[in-house]
Amino acid sequence: MYLYKTIIYKIPDEVVGLTDSEIVQHQGDKIDFEANFKVTAVKADEVVLAETTFVIGKTYVEFKNLIDGTLRTWADVKYTEDNSRFTLHLLTGGSL
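Here the sequence shown is numbered in this note's numbering, starting from 34 and rising by one per residue.
In case anyone wonders, no lab produced these hints; they're calculated from the structure. It cannot be assumed that every hint is accurate.
Distance windows between CB atoms, simulated [to be verified]: (1) Q60 - E84: 33 to 39 Å; (2) A83 - D53: 37 to 43 Å; (3) L51 - T103: 14 to 20 Å; (4) R105 - G50: 26 to 32 Å.
As a list, the in silico BS3-like pairs of lysine-lysine whose alpha-carbon atoms are at most 30 Å apart [as the list claims (entries may be wrong)]: (5) K91 - K71; (6) K76 - K91; (7) K111 - K97.
Virtual Cβ for every residue (Gly too), placed ideally from N, Cα, C.
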């Protein structure tokens, strides 16, 4: 199993170590996710992984490109949320 994962910071200017361009990117990512995909994705309390799951980190743009609308839709995406971020997860049977 492969788990593709991305993080969107809700208030990126409070995250230590992000560059100005990364802050702007996270602000745009948050707006895009909340406006276009959050209602379709499935909110989860937590995501539990099997021992044989490979976790692959992606940027939000790379993650969005994995959702082709046919084989993988936003309804396949699980997300967790806390006060500071959204963490999006896409579990697949093979590498994409």
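Structure-based check of all given hints:
1. Q60 - E84: 33 to 39 Å: Since the Cβ atoms of Q60 and E84 sit about 36 Å apart, the hinted range of 33 to 39 Å holds.
2. A83 - D53: 37 to 43 Å: 39 Å, holds
3. L51 - T103: 14 to 20 Å: 34 Å, violated
4. R105 - G50: 26 to 32 Å: 31 Å, holds
5. K91 - K71: Holds - the C-alpha atoms of K71 and K91 are around 18 Å apart, at most 30 Å.
6. K76 - K91: 19 Å, holds
7. K111 - K97: Judged against 30 Å, a Cα distance of about 13 Å means the pair holds.
The earlier numbered hint that this structure contradicts is number 3, and it is the only one.
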